[in-house]
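Using the sequences and the hints given, assemble the complete structure.
Here's the letter readout for the chains.
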Amino acid sequence: MEVDRALVTRIAHLAQIEIPESDIAFYQHKMRELLTFVDEVNAVSAMTDVPVSDAASLGHPRAERDDEVKLSQPFELVACNAPAVSGTAFEVPRIVDR
Amino acid sequence: MSFQELIQSGQRSVTSLTSAVKVGKLLPSDIVGHFLSRIDRLNPKINAIVFGQGSLKDRAQDHESRSVNNTSLPLAGTPVVVKDNIAVKGWPLTCGSKILSGYISPFNATVIDRLVLAGAAIIGKSNLDEFAMGSSTEYSSFGPTKNPWSTDCVPGGSSGGSAAAVAAGLAPFALGSDTGGSIRQPASFCGIVGFKPTYGRVSRYGLVSYGSSLDQIGPMANNVKDAAIVFDVISGHDPCDSTSLPDSQGSALASIEAAKDLRGKKIGMIVELNGLGVHEDIISSVKQAAEVFRNLGASLEPVSVPSLGHCVPAYYILATAEASANLARFDGVRYGQRVEDSGASINDIYRKSRSSGFGDEVKKRILLGTFVLSAGYYDAYYGKAMAVRKKITTDLEQVFTQYDLLLSPTAPTTAYKIGEKSNDPLSMYLGDICTISANLAGSPALSVPCGFDKSGLPIGLQLMGAKGRDELVLTAGHLFEMARGSHGARLPLGFG
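Protein chains in written order, with the working numbering: chain D, 1289 to 1386; chain V, 614 to 1109.
Capping the alpha-carbon separation at 25 Å, the derived lysine to aspartate or glutamate pairs in DMTMM-like fashion look like this:
id: 1; chain 1: V; residue 1: Lys977; chain 2: D; residue 2: Glu1290
id: 2; chain 1: V; residue 1: Lys977; chain 2: D; residue 2: Glu1321
id: 3; chain 1: V; residue 1: Lys1067; chain 2: V; residue 2: Asp765
Pairwise CB distance ranges, derived in the manner of DEER restraints:
id: 4; chain 1: D; residue 1: Asp1354; chain 2: V; residue 2: Gly989; range: 34 to 40 Å
id: 5; chain 1: V; residue 1: Lys711; chain 2: D; residue 2: Asp1354; range: 36 to 42 Å
id: 6; chain 1: D; residue 1: Lys1358; chain 2: V; residue 2: Ser897; range: 54 to 60 Å
id: 7; chain 1: D; residue 1: Gln1361; chain 2: V; residue 2: Asp643; range: 34 to 40 Å
id: 8; chain 1: D; residue 1: Thr1376; chain 2: V; residue 2: Gly890; range: 52 to 58 Å
id: 9; chain 1: D; residue 1: Thr1376; chain 2: V; residue 2: Gly1032; range: 44 to 50 Å
id: 10; chain 1: D; residue 1: Thr1376; chain 2: V; residue 2: Asp643; range: 44 to 50 Å
id: 11; chain 1: V; residue 1: Gln1011; chain 2: D; residue 2: Lys1358; range: 37 to 43 Å
id: 12; chain 1: D; residue 1: Ala1331; chain 2: V; residue 2: Lys879; range: 28 to 34 Å
id: 13; chain 1: V; residue 1: Lys711; chain 2: D; residue 2: Ala1313; range: 21 to 27 Å
id: 14; chain 1: V; residue 1: Ser969; chain 2: D; residue 2: Ala1313; range: 19 to 25 Å
id: 15; chain 1: V; residue 1: Ser632; chain 2: D; residue 2: Gly1375; range: 52 to 58 Å
id: 16; chain 1: V; residue 1: Ser825; chain 2: D; residue 2: Asp1354; range: 21 to 27 Å
Just so you know, the hints here were simulated from the structure itself, not pulled from any lab data.
The C-beta atom is built at its ideal place from N, Cα and C for all residues, glycine as well.
Structural data, given as structure tokens:
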């Protein structure tokens, strides 16, 4: 499949990764290479009669828990690695205008 | 026997150390001190351990003094090195990434709690490919780890630091994590034992997620019996992990100690993983290993599972898709590195922090994962990869109705030169072909040393079992090791 600059820019935006203009060609090449590689999945999937809709069940254990409030880590422990804390909140730039 | 004599006689296994502690021949603090001094002396040659020296040594000794006084515990006085994507309270947890530089874990992973309760002492954290994304331990912000058998070569990955540390005698055992072969392939490259348990047998709580439906923590050790002892300690149900299986009644150690041979067991040799693309020295070693299994009473025959030959592309779609979601949490807000210009918006912080903090390989995989999950491409890539995964799982379930175990090489090559595959990452991805299917299917799989190639580099064979048959896989590996004569006690040249 064709990987153009617009596609790389759109995916990088979705992934919240900034790619400088000078690096777009590099990632364009890398993504083209990867997509050519994983395109084999189309040939292999023809070997299987498993409908895509049935494929989500892996048979892995999946425990259901009661919906109840439980104690978590104390905030000071949770926040000890935060770049910026204000009171009991993580500090970020203002998002909503006054 | 002095400690030095014990080590020099090759007895640096978990079983020999714990036995010496139990009868009072060795003190736990002597053992920890000995391995810490080996780390000081030998780690600079291989860069296997990234935290554990300097001031952290004191923490290790504190930890040790609190936990190993009870000499009857199964791991009394036994030092352990932990891959740096597993949380140890009060220790750094970086995943080999700049984005987590300076992060100190506020809690223990469940496996760490279990090791400490069993008397083990954490003495270091080991290098890895950034966020466990790689097969060579070259993609780490700490620089590459080197293979003790040839320091020009990679140790494999992503648990390359753990594998190299055990192979070089810096610790009697280590923990690794395995998403597509990251315990077994480095174990094979470094000539040690590596075990990936059945998905759900070992809690993932406290393991930094890469591909959550594939990740599993497991032991890396000098021999299979040691791996079984550690597996018995770290496995079991954990309410903190919603994918944790109920407690098993089995004990791997008991199974190993009761077994005499493999009479009545059927072993399939996977045709697709024992031929094309596999180095001739490896094919020859695995054939010799097959004879050992025959002499143990097992019957062996070739078995074809065509879907296994095509597992790699499906794996890279699924693993990167899960990684793109899991790594979204690294945003420079709650923890980790923040890059912020004055007047920056929250989105600027996200993008700049992530772009500056993640390495190229991680960014590439996040981009691929984001793409395969994006509108318009989901069905064509993620959906089809899930169908292939289901096919592989079903095929293996079918094969395991006829065979007890599957035998193959662990990897198609032995360790390659550092930098050799840096410009050809796809060939590195294809090197995972033998190991990935066990992750896709959730099966247990073990890598055991089975020889050396003409260059003197270790070769590993892989034994895979049906889900839940971890004890059988370990027992067969142990019997093979005993019948063949283990080389696990031998240290590489320059690491005596």
